[in-house]
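J.: Chains A and B are the protein sequences, given in the same order. Residues 1 to 328, numbered by the UniProt record's numbering, are exactly what the first sequence covers, in order. Residues 1 to 359, numbered by the UniProt record's numbering, are exactly what the second sequence covers, in order.
Errors might be hidden in some of the hints.
With a straight-line Cα cutoff of 30 Å, these simulated DSS-like cross-link-like pairs (lysine-lysine) come out [said to hold, decoys possible]:
(1) B/Lys236 - B/Lys171
(2) B/Lys207 - A/Lys60
(3) B/Lys176 - B/Lys259
(4) B/Lys353 - B/Lys259
(5) B/Lys236 - A/Lys207
(6) B/Lys353 - B/Lys236
(7) B/Lys259 - B/Lys236
(8) B/Lys259 - B/Lys171
(9) B/Lys176 - B/Lys236
(10) B/Lys353 - A/Lys207
(11) A/Lys207 - B/Lys82
Treat the hints as calculated values from the structure; they're not laboratory data.
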Amino acid sequence: MTTTAPPPTKPEPHRAAKTVSRPGDRIFAGLARGSGILLLVVMAAIALFLTVRAVSAISKDHGNFLTTFEWTPSLNPPVFGIAVLAYGTVVSSIIAMAIAVPIAIGIALFITHYAPRRLGGPIAYVIDLLAAVPSIVYGLWGALFLVPHLRGVNLWLNDYFGWTYIFHKEDPNSAARSLFTVGILLAIMILPIITNVSREVINQVPKMHEEAALALGATRWEVIRLSVLPFARSGIISASMLGLGRALGETMAVATVLSASPQLSGHILDPLGGTFSQNIVAKFGEADEFGRDALIASGLVLFLITLLVNGAARIIIQRRKEYSGANA
Amino acid sequence: MSDTVMDARPASGTPASPRLASRHLPRWSPLAIAAGAIAVAAGIGAGAGLSSHIQWGLIALVLFVAGSYAITARVEGRRQAKDRVATSLVWSSFVLAVIPLYSLVETTISKGADVIDGTFLTHSMNNVLTIQPGGGVYHAIIGTLEQVGIATVIAAPLGMLTAIYLVEYGKGRLAKWVTFFVDVMTGIPSIVAGLFILSIWFVALGKAPASGFAGSLALALLMMPVVVRSTEEMLKLVPNELREASLALGVPKWRTTVKVVLPTAVGGITTGVMLAIARIAGESAPIALLVFGSAAINTDPFHDPQSSLPYYIYEQYNNGNQPSYDRAWGAALVLIAFVMVLNLIARFIARWKAPKAGR
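Extracted from the complex, chain B is given alone in its bound form (with noise of 0.2 Å):
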């Protein structure tokens, strides 16, 4: 509308300069540049007889942020049009980003609900070929939860103690050393835990691993690193008053970080060790060297293949035909809300049980 705005002036009443008064663009003209790229797109890609639509967008985007680099700069400066650009950039990342992630989503839930059903959540593999459809993933299911489930086990306490040991007795080079190294563990991928669960078996037991008991160990060796992080964060949180005051009153240190620590953490800690549940919940690689997966239903993590869901996913894709590509979809859907709910509860969870700050 108004292409001036101007500014106070100084009280004196000395004319300001026209510096100060500095021109504005409309602000509907992002849109109309807008409008004017996508025009002049269409008719440079229909001149040039480019077939593919996605070829007329980028040159609409070229030409929009082109377009008010050079207008905002004649209007405005030049200061503003970067701003511009940088505007157009971000929000351009964002689409650009949300594009894959939502097709993910998407794809996921609209070919994975075509294919689930009670029979897909309650029957196994277990004598069907794999080029005809049916069959489901059951076994596998059992498998992830047993697996995961013994993971936890050992992770969850032996994580839970190596941070109570860093936060409320580490001092020195002990606690050093193992800070350290609970980092480095972070970094490990998941197959070379995998691989180096194998060869302990091999020298072991002299034996393949071929049991949802040695994937277990693996996931346990993801997991531990994660929730000794979280834990540590969670412990450091809680005031140190409360650890004095109970000290004071005489009770045994031990019966301070067992009964007045760990209450006030508790909250943070069952997140932090959902959290951990979710992430080695999808982990296929360590599973495909240590438990090689099985089309029958086992319910005995220590002898004999199991399956899990992300391996069931991995041998279905694998099997290369569209029955099994769509029994993959339904056990991503699967997966994925499996997930998803630990990590809404986690979260509610996480703020249900917050401390409350100050008082």
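The shape of chain A in the complex, shown without the other chains (with noise of 0.2 Å):
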């Protein structure tokens, strides 16, 4: 797949033989090769149609539709922008990701490292499971579980580390729905898929290396530093990318958990912001006509910033390819 041969090249080295062409033959390959394309007519028309209606909405906006801070389309003239979901979105993905990574990679080394070995492979085999567990599963988990039970962190937050601006809470006793929960239950959810890639990732570590740290005297700890972190460095960072990408485009459960409103506040304890998707769930049942195109114009941007993320960690596995195959 990497090296480029010319088009019409055939896969199969059996080429000698004078190949007939078989009506069979012809119609199996147009049909493989015609969903291949449908796929890409798909994805064209996805980026199209999104586009269109888009700058067709932000044409109309009569504020800036990166720095307006409310979302009234209805109104006349029109009124919207995305500056405080971009940053609710982006708030409680850095959130999501400075709990979860670090915790993910902890219990990929539990499971791999130091777990009894009986264990290791039921503990890797629920984790798997619980990455199948539907978002709004944990949706509906946070908003009546997490939420009051996360009230008392809350205010020992407040009490504590309010000087700190970040962790100052307006009115201590309203409820934690802020993006601080939202960015805790983002955590949860991404976790099982982060450790699932990232044991992945370090199980393919070659036994060698940590033979060769453990034979030098290494600790435990040191055959993970020396050996185990650095081969699966790159494909942590992926992993996180695709959890961080499962957080971006989240929607109910943050639809569930953030009490919404168009304010932007570095008070991160406090119940307001929004993120795009919670928005685009939440203001749908009112919206006309135009009101979806402004949607979709926050769609759109929120399609491109997934894109922007995926496509890193996809960079960042292909080079990990080509070094792991120069190493193995």
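Could you use the hints to bring the two separately framed chains together as a complex?
T.: Structure, rendered in structure tokens:
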């Protein structure tokens, strides 16, 4: 796949025999190629449709699309912008990553290197299954269980770290439906995904490297630091990026937990703000045709952000493949 | 027990340097340090009047890590001490992660099991006031099965054909583009897929989509890249000798693919498709945009709004009263059970049909 062959060459090495062109072959090859082309057409259509609708909406926007806080496309003249949404999406994802990535690496190392061997397999299996729990279930649990249980944590953070500005809470008695809670919930959601991919990467570390380190008298932590982590680093990074892509696009878990309002605040414990996908679901019901176009414009921005993140992850994976191919 | 362990001395008999015979902490030392940390933390907590036991636990954890570092550094050296800290951090990250995940599963099962009974599974929400208990998920189950079924019928063949194209035929620029865009598609947020179908629907038909079929299209969009990826991986595992043997017998390439390559990989492909089904069965965002949800049973996916399990949960949660929350938990348990059963079957098939390694 990596070497660029001239287009018409056949993949199989049986070209020497004169291939008879059979109708069955042509139909089947046509079907296969057709579905590949269809996929490209669909992607092009997605990009085209979203862009056309988004541009038509943004051109009628009387606020600045990038810096306006409010989302009121039904007003006359319409005013809407993505500042709050972009901020909320980024902040909640950063919180989620800051919590989830170290813990996920910890669990992956636990399964591969620390847990008793008889435990490691079943734990990995269970975490695999947890990755399949639908996001709406996380959302329900987050709203009905996590929010009340995080009240105490919020108060504590406000009491002891309120001076950092970030953890200051305007109204200490308000519910914990904040970007901080959303971040924690997203962290719990993406934990299984990051753990799974990291575990697979860590499992691929050549045993020889570890044994060599052990033979030199390294402690278990030194084995991990010197032979496991360097080998697995790019894999772990791309696993985290995949998790980040998931966190950025997550809809329902945010929509159920966050109490949204068009305000932008550095206090992450305050129940306000919003994210792209939460805003789409929340505003969709009351939107007229123009309102839908405005939402599509915000969806396009979300699409582009996730595209960038996923693309970066793929590039890192790609590079890793070459690296490990030369090394294995 | 013994504070010193003597290493084997060199055969020449030269006295080993004291470095080689490093001192070790006894095996029970972590337990002792933990007990000490907990005792001191309890003392501090009670002394400072901290009410939350979580805070006691955190203080104990910090004391334990710091204490074991200090003691090990004194007795065994800095390297061993770092190792111990790393070990305790890894263990605590595991415990930290298990608590919420366990709580999620436990809450869903215990709250859901209270609600689920024969009535819940066989009745819809038609004519049930949201503030009343009662009603059920029958209409949502029907909606989920139909929408996911249609999405699978659309996405599975297309995805498999695309994978066949990539593995068996694809070389050159087109294959590269397809590979790249499958990757791009994998990252589409589900809400964006919903928006896309929405805007197409408006352009094509000029009205809002309100049918299960529109939702199926969005789900198919989300499912297709997953199927392509997993099928591709499985087809790549089929040994080339099988293809060559079949082609050498004069079998046309398409028959080789259908009769030799696909049957060899069928286990893995089925697993991939089922995992993809399990993933889209839990999607609620596109359903919220495209299918709208309905309280009554609607078995026709092409006309009129339907419900679906994930959307039903969202709807019930938004009702914001206790009977609705109970129903949401019940539906969540049904949904999790559905997804888990699919996952377990998929894994079973994967193990059962796994290509025998070697020969």
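J.: Could you run down the list of hints and mark each one as holding or not?
T.: Consistency of the hints with the structure:
| no. | hint | verdict |
| --- | --- | --- |
| 1 | B/Lys236 - B/Lys171 | holds (14 Å) |
| 2 | B/Lys207 - A/Lys60 | holds (22 Å) |
| 3 | B/Lys176 - B/Lys259 | holds (27 Å) |
| 4 | B/Lys353 - B/Lys259 | holds (16 Å) |
| 5 | B/Lys236 - A/Lys207 | holds (26 Å) |
| 6 | B/Lys353 - B/Lys236 | holds (16 Å) |
| 7 | B/Lys259 - B/Lys236 | holds (16 Å) |
| 8 | B/Lys259 - B/Lys171 | holds (22 Å) |
| 9 | B/Lys176 - B/Lys236 | holds (16 Å) |
| 10 | B/Lys353 - A/Lys207 | holds (29 Å) |
| 11 | A/Lys207 - B/Lys82 | holds (23 Å) |
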